[in-house]
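Let the sequences and hints guide you as you build the complete structure.
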Amino acid sequence: MLEVGQNVGITTIIAWLFYSSPVAALLFPVVGYVNAKRRKEAEVKARTARFYEEYRELLSAVSAALENGLSVENGFREAEKTLEMLYGADAMLRADLHTLNHKVAVRVPVEQAFAEFAEAHPYEEVRDFAKIFGFGKRMGGNYLANLRRSIAKMEESIEVRQEIATNLAEKRLELRVMSVMPLGILGYIRLSSPDFMEPLYHNVLGYGVMSGCLAVYALCLFFGKRIVEIEV
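Residue 45 in numbering that gives the first Met the number 0 is what sits at position 46 of the sequence shown, and the numbering runs on without skipping anything.
It cannot be assumed that every hint is accurate.
[Said to hold, decoys possible] Below 25 Å or equal to it, Euclidean Cα-Cα: the simulated DSS-like pairs (lysine-lysine) are:
1) LYS44 x LYS224
2) LYS170 x LYS130
3) LYS170 x LYS36
4) LYS152 x LYS130
5) LYS39 x LYS130
6) LYS80 x LYS170
7) LYS39 x LYS152
8) LYS170 x LYS44
9) LYS224 x LYS102
10) LYS152 x LYS36
11) LYS224 x LYS170
12) LYS102 x LYS80
[Claimed, not checked] Estimated spans, in silico, between C-beta atoms of each pair:
13) PRO181 x ARG126: 38 to 48 Å
14) ILE163 x PRO28: 27 to 37 Å
15) GLU72 x PRO28: 48 to 58 Å
16) ILE9 x VAL107: 45 to 55 Å
17) ALA63 x THR165: 35 to 45 Å
18) ARG147 x THR47: 19 to 29 Å
19) SER210 x ALA48: 36 to 46 Å
20) LEU213 x GLN111: 25 to 35 Å
21) THR98 x GLU123: 30 to 40 Å
22) VAL227 x VAL29: 17 to 27 Å
I should point out that these hints are in silico values taken from the structure, not numbers from a laboratory.
A virtual CB, placed ideally from N, CA and C, is assigned to each residue, including glycine.
Take a look at the structure:
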């Protein structure tokens, strides 16, 4: 219902500002499609951000366990407890991490269990760590020290990703403010000097001009969004 209300509100604003006619309500399906797509993209971004936040805590917990002399297997058990303590039952990785620990408990090699965990979360940092995990176990040597160094590098990579995401969020906020300003100016003119805008309404030429303005405005929003939506 909230999304429908948003669609109705946006369509009403467009109809009033650009056409001064209820006929512009025909744009409602277009507004609904664009708004639904925007919402889905926002949900994906929020889910990705939440994943990296929890994954970083997972790696930190495993690293801390290794530094305290625990095994890798116990490190993942500690990570499960940490995620549950920080995020409760709503932790995104809690169920998969519990599955990983259960597999290890029934004698599945921990590197294999983590590889299966990575298949469920096909993010670059997870896949890379799964490869490092498997290679390190097979190659032997100072396995735990190498694993700790790998975890530290992964944590740094995720931290950089989160910093970039924070900066982009600030730019997106600036874009939202800038995108509202033209509508605010147009609304102010309509309210303060309605006669000034009247020639642009209720005639074919005026509708053509305002449709062109709406198209330019939409293109500016599109390209502005592309600029601030850099993949990180």
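Hint by hint, here is what the structure shows:
no.: 1; hint: LYS44 x LYS224; result: 14 Å, holds
no.: 2; hint: LYS170 x LYS130; result: 35 Å, violated
no.: 3; hint: LYS170 x LYS36; result: 20 Å, holds
no.: 4; hint: LYS152 x LYS130; result: 14 Å, holds
no.: 5; hint: LYS39 x LYS130; result: 31 Å, violated
no.: 6; hint: LYS80 x LYS170; result: 36 Å, violated
no.: 7; hint: LYS39 x LYS152; result: 31 Å, violated
no.: 8; hint: LYS170 x LYS44; result: 15 Å, holds
no.: 9; hint: LYS224 x LYS102; result: 43 Å, violated
no.: 10; hint: LYS152 x LYS36; result: 35 Å, violated
no.: 11; hint: LYS224 x LYS170; result: 10 Å, holds
no.: 12; hint: LYS102 x LYS80; result: 17 Å, holds
no.: 13; hint: PRO181 x ARG126: 38 to 48 Å; result: 43 Å, holds
no.: 14; hint: ILE163 x PRO28: 27 to 37 Å; result: 35 Å, holds
no.: 15; hint: GLU72 x PRO28: 48 to 58 Å; result: 54 Å, holds
no.: 16; hint: ILE9 x VAL107: 45 to 55 Å; result: 52 Å, holds
no.: 17; hint: ALA63 x THR165: 35 to 45 Å; result: 25 Å, violated
no.: 18; hint: ARG147 x THR47: 19 to 29 Å; result: 26 Å, holds
no.: 19; hint: SER210 x ALA48: 36 to 46 Å; result: 37 Å, holds
no.: 20; hint: LEU213 x GLN111: 25 to 35 Å; result: 56 Å, violated
no.: 21; hint: THR98 x GLU123: 30 to 40 Å; result: 22 Å, violated
no.: 22; hint: VAL227 x VAL29: 17 to 27 Å; result: 23 Å, holds
The structure fails to meet hints 2, 5, 6, 7, 9, 10, 17, 20 and 21 from the earlier list, while all remaining hints are met.
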